[in-house]
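Chemist: Kindly produce the complete structure, drawing on both the sequences and the hints.
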Amino acid sequence: MLESQHVLENKVVRLEVFRALRAKLAAEAAQPAPRGGCVPTGVEALDVAAGGLRRGAVTEFSGSTSQGSLFFSALLETTGRERWHMALIDAADQFEPSDWDATAMRRLLWVRSREAKKALRAADLLLRDGNLPLVVLDFQGVPVKQLRGVPTNVWHRLQRVVEESGVALVVLSRWPMVEGARVRIEADARLGLEAMRVKRRDLAAGMALRVRQKTLEREVERRMA
Amino acid sequence: MFGALWLPNFRLQAALRWREVPGEAALVDSEAAKGVLLEVNAAAAESWVQPGLTPAQALARCPGLRVVPRAPGQEAACQALLIELALGFSPRVEATADGVCTLDLSGVAKGVCWQRLAEEMVAHCAAEGFEARVGVAPHADHAWLAACRAEPVNVVYDGAPFCAALPMAVLEPSPDLQEILEGWGIRTVGEFLKLPAEGLIERLGPEAAALRKRVSGRTKRVLRLVRPVERFVEAFDFDYAIETTEPLLFLLKRFTDALSARLRAGYRVASSLTLTLPVENGPDYARTFSIPSPTAEPEVWFRILSTHLEALTLTQQPVGVRLSVEAADAAGRQLNLFESALRDPNKFGETLAQLKALVGDRGVGIPQPADTHRPGAFRMEEFAEAEGEPVIGRRKGLPLRRDRSMRRIAVKLAQERPAWVDTFGPVTRSSGPYRLSGEWWEMRAWWVEEWDIELADGAMLRIANRREGRWTVEGTYEVC
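Protein sequences, first through last, are from chains H and Y.
Numbering-wise, this note's numbering puts 187 at position 187 of the first sequence, and it's gapless, one number per residue.
Numbering-wise, this note's numbering puts 123 at position 123 of the second sequence, and it's gapless, one number per residue.
Just so you know, the hints here were simulated from the structure itself, not pulled from any lab data.
Errors might be hidden in some of the hints.
Okay, derived cross-link-like pairs now, BS3-like style, lysine-lysine, Cα gap no bigger than 27 Å in a straight line [to be verified]: (1) Y:K396 to Y:K356; (2) H:K117 to Y:K356; (3) Y:K194 to Y:K213; (4) H:K117 to Y:K396; (5) Y:K220 to H:K145; (6) H:K117 to H:K145; (7) H:K199 to Y:K194; (8) Y:K347 to H:K118; (9) Y:K253 to Y:K396; (10) Y:K110 to Y:K253; (11) Y:K356 to H:K118; (12) Y:K110 to Y:K220; (13) H:K118 to H:K145.
Modeler: This is the structure in C-alpha cells:
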C-alpha cells in the first residue's frame, strides 16, 4: 500500500515538473526572439514586433505576388545594409536583374531553376552549407501542378536542417503550403498601376502583414500595418 | 661555381612517373612511322636492350620488358617540376634542355660542401621519383660535362684537366666532324684543345669553334634564367581511353597530395585549380575552379574536383588528365569592422560546385545587368564576396517577374493603347508606351514598345510589341 502511494507521488511530482518546464518553454518561445537569433527583414513593423525572421526556422510568406516581391525587396535592401550575403532560389526563373540595383545584387546569390524539385534540392544544399544567413525560396511563380508534386515531408526535413545550421529560410508562396512553418506571414493586399510611381522602399514599408508564430502551446497571431 | 642537374632518360622517366614499373622499361615513339625504342632504363640495358631496336626485337631479348609510349603532357609537367626543384637550390636557374637545368651557385654560402649540396639535390629528385645526376664545376658547360660523368654526383674543382681527359664523343660533334677528328687521331678533348684555334676554325668551320669555346672555359656563358613558377602542374597520359571516373579520381588524389606538398614547401597556397582532360579527337576539356579561400589543403582541392567529376558527362572518353594549380601568397584579409565574411569559404565553394552540377553553370551566380538596354538581358558572374555598402532604395514601383517563355498574345488596341488582351480580358488601365531600341548598327538590331497594363481582375502585366502586331507577355507584377 505504502509502495503504491510512493509511486503515485513520484508520478505527480514528475507531471508537475513537466508542466512547469512546458510553461517555461512556451513563455520563452512566445517572446520575441533576441536580436542575435533573428534576421531583420527591413519591414519595420515586423522587425519591431517579432524581431525579424527567426534563425533556424522556416518562415512562410504567403500572399499576392506583388507583396512577395516587395518583401524580397526589403530583405535584399537589409542584406546590403547589414553587409551580409543572401541566396534567392528562383523556382520559376522569374527574377529580373535589370529591375534591381547592380550594387545590391552583388550580395545576392541567384539560383535559377524551372523545377520545384531542383529548387528544393538547391535549398537543401545551401541550408546544409550554412554560410549564408538568409535563404529565400521563391515558389510564387511555380505552376500549381508542380507544387502538388512536392511531398509535404520535405518541409519537415528542411526545418530540421535549418535548426542545425541556424539559417533563416523564407518560402515565398501564393497560399499557405509549408507544413510546420514556424512563422507564417500573410499579405493579401493588391497594388495597382499607381504603385509604379512610388518608391519601392515606401511600398515595402507600407505592407499590411499578418504574422503567426508557432510556439509549443499555441499560435501567437499579430496583425501589423 | 655552377651546377648541372640532369635527369638521364628524361622522356622515359617522365613517362614512368605515376606508374609502378619496377623492372626493365623502354620508351617507344608510338607516333613515329617506324616505332623504335628511344630510351631504355638501366635494368633493360643490362638485358641487352638498346635504343634503336624495334619493340619486337627488344621483347625477344627481354620478355619482361615494359614498353611505354611517349607522354608529352607528363614530359612538360616533369620539366616544370625539375625547374622547381632546381629553384630550391638557387634563384638563378637556366632550363638548358629537356631534363637538364643549370644552376648558378655563386650565391651559395661560403664554405658549403659541394659534394653534400649535390647529394642533397639528388635526394630531392629521388623524393619526387626521379633518378638524377648532378655535376658541379666552376664553368656552366663543365658542370654539364661533369653531370654526364656523375654517379650520381661529380664535383670538379678544376675544369681544364677534367675536360682534357674526356673523350670527344661527350661533346656530341656531328658525324662528319667526328670522322675528320678521328682521322687526325684526335680522341680526347685535351687533344682537341691543343690544336691551334685559328687553323682549326679555318679548316673545320664554326661548329669546331663552338665546341672549342664550350670546353675551353675561357668565356663565361650567360645563363638564360627562368622565372619562378607560379603554376604547378601534374599530368598523366593513359595508355587507352578511360570509361569511368575511378582512374581519374585515383590519380587526382595523388596529384593533389603531391602538388600540395610542393606548394607547402614554398609557403604558397592555391588560388585556382585547372583540370584538363585531353580527348582522342577534338578539343581538350578544360575547367578552372577558383578557390574561394586560397588554401594548400589537398582535401579541399580534391572535394572540388570530385564534386565536378560526379556530374560531368563528356562526349568523348579522355585519354589523359592534367591538373595545374595557380599559386598565390597566403595573404591575410583584413575585413571591415561591419563586414561579415563567409564562415567557411571553401565549404561554400563546394556548395556552389554542387549547385552548378544541379542547375548548370548559368544557373548559379551573381546577377548583373548586361551592357545593353535590351529587355531581359543580364549576365551571370561568379560568386565573390562583396565589400562596401551598396547603393539601394532608388528604385520605384513593383519589381517585375520576368516571363522568359516569350508567350505570344493577341492584343486589341483602342486609341493606340491596349484595350483587350487575349485570354486575359479587358484592360482597365495602361501605362506606356516605353519605347526601347538598340544595336541598330548591327545585324541584330532590336526594337520594342512596352506597356504596363492593369486588368479587370486586378492582375498587372508588362506586355511588349516587338514588331508590328507581334505582342508578347514580358512579365507580371501581380497575378490573380
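Chemist: Quick one: which hint numbers does this structure break? Sort them smallest to largest.
Modeler: 1, 4, 5, 7, 9 and 10
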